[in-house]
Amino acid sequence: MIKFENVKKYFYKKDRFLSQGKNVVKAVDGVTFSVDKGTTFGLVGESGSGKSTIAKIAVGILSLDSGVIEMKGDCDIVFQDPYSSLNPRMTVNEIVSEALYIRGRKKDLIDKRVDNVLGMVRLERAAKDKYPHQFSGGERQRVAIARALVTEPAVLVLDEPVSSLDVSIQAGVLNLLKDLQEELSLTYLFISHDLRVVEFMSDMVGVMRSGQLVEVASREEIYSSPKDDYTRHLLASIPKL
Amino acid sequence: MVLGIGYRFIARYSILGTNSEHNTIMNKRILFGLIIITIMALVAILAPFVATYDPLEMDLSPEARLQAPSAQHLFGTDNLGRDVFSRMVYGTRISLSVGFIAVFISLIVGVFLGGVSGYYGGKVDSGIMRLVEVMYCFPTFFLIMMVITFLGPNIVNVMVVIGFTSWAGLCRLVRAEFLSLRERDFVHSAKVQGVSDMRVIFRHILPNAMAPVYVSATLSVGGAILVESALSFLGLGVQIPTASWGNILTAGKNYIDFAWWLTLFPGMAILITVLSFNMIGEGLREVLDPKLKERKG
Chain A
1 MIKFENVKKY FYKKDRFLSQ GKNVVKAVDG VTFSVDKGTT FGLVGESGSG
51 KSTIAKIAVG ILSLDSGVIE MKGDCDIVFQ DPYSSLNPRM TVNEIVSEAL
101 YIRGRKKDLI DKRVDNVLGM VRLERAAKDK YPHQFSGGER QRVAIARALV
151 TEPAVLVLDE PVSSLDVSIQ AGVLNLLKDL QEELSLTYLF ISHDLRVVEF
201 MSDMVGVMRS GQLVEVASRE EIYSSPKDDY TRHLLASIPK L
Chain B
1 MVLGIGYRFI ARYSILGTNS EHNTIMNKRI LFGLIIITIM ALVAILAPFV
51 ATYDPLEMDL SPEARLQAPS AQHLFGTDNL GRDVFSRMVY GTRISLSVGF
101 IAVFISLIVG VFLGGVSGYY GGKVDSGIMR LVEVMYCFPT FFLIMMVITF
151 LGPNIVNVMV VIGFTSWAGL CRLVRAEFLS LRERDFVHSA KVQGVSDMRV
201 IFRHILPNAM APVYVSATLS VGGAILVESA LSFLGLGVQI PTASWGNILT
251 AGKNYIDFAW WLTLFPGMAI LITVLSFNMI GEGLREVLDP KLKERKG
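First to last, the protein sequences are chains A and B. Mapping of the first sequence onto this note's numbering: residues 1 to 241, in sequence order. Mapping of the second sequence onto this note's numbering: residues 1 to 297, in sequence order.
So that you can see chain A by itself, here it is in the shape it has in the complex (with noise of 0.2 Å):
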């Protein structure tokens, strides 16, 4: 489980010399939610909202200003971008193993380990000596999961992690975090703007706006009876189909 409460992180930008005032750009402001084991909780909102700031502090990328995370068990992130989140100068191998690798494990155990998450997220064995720029998106993204994976975490933070795949990949790779889900019983942090998406993937759905949480509640009350001005405003554009 994962629980924010009151955080906050402000940008500043740089005092230049005969810059006029302070700007602060206030991209957490403020937020607090919670997070049941096993469950997913889905952030909606526009770009530049503060979501994929609250995924880059989740995991300690970014620091907070203020306000308390409680975690329990390990976290690991799933990027949006499958091309820019695995190093295209290593093998499949070395970007699954290298968590394992440099917490000293031993080489058979972390072989065999690594052959199990890529089995887990449906990868085949010959992939392991292939390098990223050899794979399609979708395929890049369940190597970025396995390696989130391979440490055994019990939060995962997945800030767009299918925003960049084609609609017909989207799907495999949300069945398959949701089958991960089951099987392993953790806790999801779900980002997206795509309020389809995360509908299909949420238990509990957070709407932020300017940094702040306009409206949490479950994924029935968010996509049936809306409280907020926002979240109906957000749920009125989604297209249909």
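FYI, nobody ran anything at the bench for these hints, they're computed from the structure. Any given hint might turn out to be false.
Here are the computed lysine-lysine pairs in the DSS-like style, where the Cα-Cα straight-line distance is at most 30 Å [claimed, not checked]: (1) Lys-112(A) <-> Lys-178(A); (2) Lys-123(B) <-> Lys-112(A); (3) Lys-123(B) <-> Lys-8(A).
Take the given structure of chain A and dock chain B to it, following the hints.
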């Protein structure tokens, strides 16, 4: 074991290794440059077998001095009756080793300082960048001349001094690469997984920052050879009687009116070598720079 480590090192840091964007690293310029440099390198390594005479053997008899090129003396003889071809063959050793070793030194200093600067940023970065600016402020050649005058002119000093005065450009280049690469998601991911700073720098960032470094380093080899020749020409480089292309030129300049071979051949050797390195550098830039590729379509 050693082979394995060597293979992995090449795969990680070389342009020959696996790389997504560039399937081929060959083009005509690189090929041309490589052929010339390979010949030069073979001449340097096999100097004792290529040289037709002892490069230091003098013959002061009037008919032996300042002979024009002939079958016996391919490039003629100098004012002390020494065979110019043999002296130039040994001079190749000097020029190439100065070029490579000086650039190797500047590569190590530049990559290390640039990497630290770009990775850590903040005060470390400003400190190193001020140092770079100081280096840029000196007229490098005069700085080299001054330091060599203090340390004493010999080949080792020349290599070291050229190396330690020419890292600034590389440093800036590596810093810029690190600045952009450290914000890439694969670097974030490594940090999230607890990978140490040193491992992030050498395993994740540096291998991806090497392409422009190779271009710049290749171009600098030509530059370093030119500086060495100029220093030798001024008497601050390799000391006579040891032969280097620069000091053969110096000895020849007094006889330039009638003994053209004393200046033409070493001059051509310098020109061709520097040109070859520049060709390789430019060729590599063409192959490795994605922006250039786009423009060509």
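Going through the hints against the structure:
1. Lys-112(A) <-> Lys-178(A): holds, 24 Å
2. Lys-123(B) <-> Lys-112(A): Given that 30 Å is the threshold and the Cα spacing comes to 44 Å, the pair is violated.
3. Lys-123(B) <-> Lys-8(A): Roughly 26 Å separates the two Cα atoms, so the pair holds.
Checked against the numbered hints given earlier, the structure breaks only hint 2 and satisfies all the rest.
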